[in-house]
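There are 2 protein chains.
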Amino acid sequence: MQQLTIVKVGGKVVETPESLQQLLADFVALPGLKILVHGGGRSATKVAEQLGIETKMVEGRRITDMETLKVVTMVYAGLVNKNIVASLQAKGANAIGLTGADLNLIKAIKRPVKNIDYGYVGDVESVQVGELMELLNKNVVPVVAPLTHDGLGNMLNTNADTMASALAVAFAKHYQVNLVYCFEKKGVLSDPENDDAVIQKLSHSLFKQYQQSGVIAEGMIPKLDNGFNALKSGVAKVIITNTEGLKSDGEAGTDLIW
Amino acid sequence: MQQLTIVKVGGKVVETPESLQQLLADFVALPGLKILVHGGGRSATKVAEQLGIETKMVEGRRITDMETLKVVTMVYAGLVNKNIVASLQAKGANAIGLTGADLNLIKAIKRPVKNIDYGYVGDVESVQVGELMELLNKNVVPVVAPLTHDGLGNMLNTNADTMASALAVAFAKHYQVNLVYCFEKKGVLSDPENDDAVIQKLSHSLFKQYQQSGVIAEGMIPKLDNGFNALKSGVAKVIITNTEGLKSDGEAGTDLIW
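If you're matching them up, the sequences are chains S and W in order. In this text, residue positions in the first sequence follow the working numbering: the first is 1, and each later residue adds one. In this text, residue positions in the second sequence follow the working numbering: the first is 1, and each later residue adds one.
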């Protein structure tokens with residue numbers, strides 16, 4: 001099977017011009033087919049602030065009312081996505097920017113209100129990769145913004161880690177998929193105080209132990225849940241690393257094992 | 001040759017929720033392959049105002065400094081484009097939103113500074129339709145925002161009428177292309193005071209006469225220049241009409257003839 005690398009990069013990396021250009025150069029240099037999934041939360045918060053819209057976060061997730069939905073649609077699908085696409089084109093990669101609405105790539109349902117009303121936030125329902133595969137096979141490089149649609153005409157705000165995982169699982173039927181989560185640290189740490197204490201192989205049972213003892217906490221937990229879920233569903237390799245690690249051919253960072 | 005209809009709709013229609021939904025329903029009902037090119041100027045002006053960015057227009061064209069470029073990228077490629085895509089998906093059309101940067105569809109050069117510095121405004125240089133044809137032939141419906149790129153990593157603001165014309169010319173080698181410019185009036189008027197005085201057939205020489213006598217003026221002139229240019233370059237039919245005229249199978253509005 002052909003290899004497909006799906007790289008998810010967080011907001012901080014893609015929102016700083018210098019680190020973005022370095023990241024994109026490294027990304028373009030990856031062998032084989034590739035997809036980039038990006039965030040953009042910091043820019044969204046900044047634009048919302050400039051527009052006088054208050055940003056409300058609950059457990060790291062953005063409460064997305066109608067006005068905030070407009071902001072994230074503008075920032076993620078417009079500003080961040082198209083600047084990445086234009087930069088990739090300049091680097092010789094035939095990029096195409098997409099949200100979950102384009103080509104009906106990722107359909108979601110508006111998250112049901114339980115204790116918290118997250119607003120226009122989408123939980124992934126289905127992934128449809130047919131047309132995208134045709135493009136991939138012509139060396140087109142999809143750049144995916146963290147937005148889905150509900151099939152009823154509404155865009156929905158969706159976590160980029162989750163979208164990367166959902167895409168990886170859907171493509172695992174057709175390609176040998178490597179999923180790389182790029183973030184600030186070198187990998188998952190066994191000591192939160194020591195940036196070099198990278199866990200090289202993290203099994204699911206070890207993850208659960210670290211989670212119970214509090215070594216792994218907060219934002220890392222949903223990321224790892226997404227990663228292990230992908231691994232369980234046929235994705236060949238899931239790596240958590242920083243942008244430096246992207247160049248190491250899978251040797252740096254934390255490698256998830258089931 | 002297969003038929004391809006390219007519809008360009010102005011900002012006012014796509015920025016009013018009710019008229020947008022009606023337009024999209026009529027657009028989806030068109031037979032054959034189709035592409036929608038949209039504006040979004042009114043929303044851009046509104047968002048710019050909310051962000052405290054002054055809008056400067058010269059002869060109907062937006063002066064696009066760096067901050068304004070960010071606004072139009074957010075509004076055209078994000079807010080307006082993705083809402084259209086999501087609405088089309090809800091109506092059963094497999095839409096994909098694009099700018100000129102995506103798939104390297106339309107490359108432009110930053111307009112040289114003569115009397116006026118338009119800023120980050122792009123004049124169309126080349127159109128590359130290869131991958132888009134593959135998608136069209138799979139019944140995908142492209143939705144194109146009025147933005148191009150310079151091949152050096154920068155987005156550029158580009159007139160939607162010009163983009164529609166450039167796409168029509170590029171596709172004319174492969175399809176029988178009908179180009180429809182939708183705007184507020186029923187067609188080109190022989191009497192600016194009488195909305196029913198629609199010129200049914202407008203030849204290029206008649207256009208030049210009306211232009212000299214002042215009957216046709218202002219924003220209509222570049223639109224007609226674009227239209228006649230398309231006709232001269234192999235586009236089968238160019239019609240100027242309102243959204244009602246879109247349903248008439250080419251019988252309403254003004255038909256350009258060379």
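Heads up, a few of these hints could be off.
Just so you know, same-sequence chains aren't split out, so a pair can sit in one copy or run between any two.
Unchecked claim - The calculated lysine to any residue pairs, modelled on SDA-like cross-linking and capped at a C-alpha distance of 20 Å, are:
#, residue 1, residue 2
1, LYS91, ILE109
2, LYS186, MET57
3, LYS46, GLU67
4, LYS232, GLN3
5, LYS138, GLN128
6, LYS46, LEU69
7, LYS107, ASN139
8, LYS56, LYS138
Simulated from the structure, these hints should not be mistaken for laboratory data.
Sort out which numbered hints this structure fails and list those numbers smallest first. 2 and 8
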